[in-house]
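As given, the protein sequences belong to chains A and B, one line each in that order. So that you can map any letter, position 165 of the first sequence is 165 in full-length UniProt numbering, and since no number is skipped, the others follow by simple counting. So that you can map any letter, position 31 of the second sequence is 31 in full-length UniProt numbering, and since no number is skipped, the others follow by simple counting.
Hints are computed from structural coordinates only; laboratory data are not their basis. Cβ coordinates follow ideal geometry from the N, Cα and C atoms, glycine included. Check the hints yourself; a few may be wrong.
[Said to hold, decoys possible] Below, a sample of chain B positions facing chain A; criterion: calculated Cβ distance under 8 Å:
(1) 120
(2) 212
(3) 216
(4) 221
(5) 222
(6) 225
Protein chains: 2
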Amino acid sequence: MDNLPKCGANYVPLTPLTFLTRASNSYANRTSIIYANIRFNWRETHERCCRLASSLRSLDIVKNDVVSVLAPNVPAMLEMHFAVPMAGAVLNAINTRLDARNVALILKHSEAKIFFIDYEYIDKAKKAIEILMSDFQMPMPLVVVIDDLDSPTGIRFGELEYEQLVFQGNPEYVLENIDDEWDPITLSYTSGTTSEPKGVVYSHRGAFLSTLSLILGWEMGTEPVYLWSLPMFHCNGWTFTWGIAARGGTNVCIRNTTAQEIYSNIALHKVTHMCAAPIVLNIILEAKPHEQRQITTPVQVLVGGAPPPAPLLEKIERVGFHVVHAYGLTEATGPALVCEWQAKWNKLPWEEQARLKARQGLGILTLADVDVKNFKNIGKCAS
Amino acid sequence: MDNLPKCGANYVPLTPLTFLTRASNSYANRTSIIYANIRFNWRETHERCCRLASSLRSLDIVKNDVVSVLAPNVPAMLEMHFAVPMAGAVLNAINTRLDARNVALILKHSEAKIFFIDYEYIDKAKKAIEILMSDFQMPMPLVVVIDDLDSPTGIRFGELEYEQLVFQGNPEYVLENIDDEWDPITLSYTSGTTSEPKGVVYSHRGAFLSTLSLILGWEMGTEPVYLWSLPMFHCNGWTFTWGIAARGGTNVCIRNTTAQEIYSNIALHKVTHMCAAPIVLNIILEAKPHEQRQITTPVQVLVGGAPPPAPLLEKIERVGFHVVHAYGLTEATGPALVCEWQAKWNKLPWEEQARLKARQGLGILTLADVDVKNFKNIGKCAS
Chain A
1 MDNLPKCGAN YVPLTPLTFL TRASNSYANR TSIIYANIRF NWRETHERCC
51 RLASSLRSLD IVKNDVVSVL APNVPAMLEM HFAVPMAGAV LNAINTRLDA
101 RNVALILKHS EAKIFFIDYE YIDKAKKAIE ILMSDFQMPM PLVVVIDDLD
151 SPTGIRFGEL EYEQLVFQGN PEYVLENIDD EWDPITLSYT SGTTSEPKGV
201 VYSHRGAFLS TLSLILGWEM GTEPVYLWSL PMFHCNGWTF TWGIAARGGT
251 NVCIRNTTAQ EIYSNIALHK VTHMCAAPIV LNIILEAKPH EQRQITTPVQ
301 VLVGGAPPPA PLLEKIERVG FHVVHAYGLT EATGPALVCE WQAKWNKLPW
351 EEQARLKARQ GLGILTLADV DVKNFKNIGK CAS
Chain B
1 MDNLPKCGAN YVPLTPLTFL TRASNSYANR TSIIYANIRF NWRETHERCC
51 RLASSLRSLD IVKNDVVSVL APNVPAMLEM HFAVPMAGAV LNAINTRLDA
101 RNVALILKHS EAKIFFIDYE YIDKAKKAIE ILMSDFQMPM PLVVVIDDLD
151 SPTGIRFGEL EYEQLVFQGN PEYVLENIDD EWDPITLSYT SGTTSEPKGV
201 VYSHRGAFLS TLSLILGWEM GTEPVYLWSL PMFHCNGWTF TWGIAARGGT
251 NVCIRNTTAQ EIYSNIALHK VTHMCAAPIV LNIILEAKPH EQRQITTPVQ
301 VLVGGAPPPA PLLEKIERVG FHVVHAYGLT EATGPALVCE WQAKWNKLPW
351 EEQARLKARQ GLGILTLADV DVKNFKNIGK CAS
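So here's chain A without its partners, still in its complex pose:
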């Protein structure tokens, strides 16, 4: 048939920003964010992101400008994953564990126009900006301090503050049109273990597809209550910064990944899901008796990085955490291989189950190809 019509002329671009619009329409009154005594619902989160995006525009942020942020897993960090691209800009979430020199290197390489700094990291940020200006001869970026939302400290660095930008913004802001789904949405840097940090750009399309793939790979149902133990600066929290909106879930934000914060938030908010590096499993297991709480419904934990040893897996399952293991890297939008559990494995002895869990066999649905020995294809713009 020669005259088959071709779709795509007026196509709607793939972008995770639609997850927020949809959440604010479909799950308006569901809790979107919990942080200490703070609660937002999805309508409010959408409105706060519109306000922040419009404020960024009035600060002269234009398409493809980079906005950097140095912050723990506080609500502002989550909101910026939507608000920054809603302003047409690219979010650069910086690893808070880097030293001032590496932070400076990232600010230089990314040519950050605005630098959002959580009040706890002002000292490190100040040093980084000094290095940026003196060693690298770069101009100082515009600085915005993120004060604590639950217990404001009043600590400032420069004149701008996050809540003030949200307050001043336009709640009716209409987001910058995305005319190309391959446009960048975030810029992340590898941890730089072998050389200087390396920049990795995610597109709107890649972020959209990886988000759906990870929800599918992990079999995350609707209305998850997700605990933010994995840093959001780590591959955008393995895409769950966007994924919880896609599922109409609740983001439980915590400032510190301590045993006490983890246990008390799980018990208080009935957490269903969390992601973690293997070290977090140790933190949980080494909790002091007064920090522990009884976990009544198993928490689904997606563990990345090196495979956790079988004895550790066995112990953590016994205190109420159901582990799924994943492997990935910054260049592949985070986890690219997930150990999809097979029902027949339930009949195996426990040691064998733990051995199988420590593998991470299956490429996620949108990964084009992977070679576990060489990783030659894993960095491809597969999605």
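Given the coordinates of chain A, assemble chain B onto it according to the supplied hints.
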């Protein structure tokens, strides 16, 4: 940042064909298809599709040629959803309930090069071909008969037979490269209730995205056992022709959607999921005592079309079927709105739950926009 790299130059196209490749790699030994006494695993299904695709190429099928099929939910129908596009062609699955004249109209409009006919529909197909040649002055398409795989009848029409094409094909066939994800994968026709049937083209990209969205919207986990009660010719079985491969599940094929076939297959193969028009719910409820079986684990049923009345929903839940209601249309790759259940509704009285179930409120994740009053946007090439 002006020098942000742009992804997409060497992009991997989105196509549901990758679900089959992935299934044959990742779930090689899992059962892919059950039909009466026939069993295939995903490795075999992949091989059979490669064979059929290569045979189609040797029958001079080239890119964008249309291959039509008139068949019930037998294994061949499922395999063709992969094999036909693997040959670069476009699958046109024809509603078996249409009369010969409407079948002829579709063969004419689609310019079908090959016409696959299940042995049960040879009479209707013969009449349609007569109309095609006499009334429409079109040449006769190449005909392939699909004999029953479990109990071959030997009934033929022309020289070609489905299993013979599979047998003769090359198991090492490398699929036609998809250079554009907007290329057509299937061509379906609306039922033509108000006028002549209307053709709707799905792209590889649209099929891929709709498949993932429906898995997500329905919260279908891995390893589903899916009963083919919904005709595959109906919007490609609401994309589950591809979706069961994506989930590493099992397709339970049945020739007739009778109470006996439904009940016995559910009991025998531990069916977890099925899609259905509301009429199928009536078929189940009106089963004679000797046709019924005890359903021990609830079967998830996605029901489309007009909202089922609340008393019907209540009855069907009581015999072991858990209903989720969806609404869509051929122009929107099948279901576009799914009634996503909210946990808080579990606490409501049963009548109220049934009322909520009969709604179909939420756009699926890849639907760009929808206006329930006007449907003005629903036909867009959203994905």
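Status of the hints after comparison with the structure:
Using the Cβ-Cβ criterion of 8 Å, the hint placing residue 120(B) at the interface with chain A is not satisfied: the shortest such distance is roughly 27 Å. Hint status for residue 212(B) relative to chain A: holds, with the closest Cβ pair at about 5 Å, below 8 Å. Because the closest C-beta pair between residue 216(B) and chain A is about 6 Å apart, less than 8 Å, the hint holds. Against a cut-off of 8 Å between C-beta atoms, the interface hint on residue 221(B) holds, since the closest Cβ of chain A lies about 5 Å away.
Because the smallest distance between the Cβ of residue 222(B) and any Cβ of chain A comes to about 6 Å, under 8 Å, the interface hint for this residue holds. Interface restraint check for residue 225(B): the shortest CB-CB distance to chain A comes to about 10 Å, outside 8 Å, so the restraint is violated.
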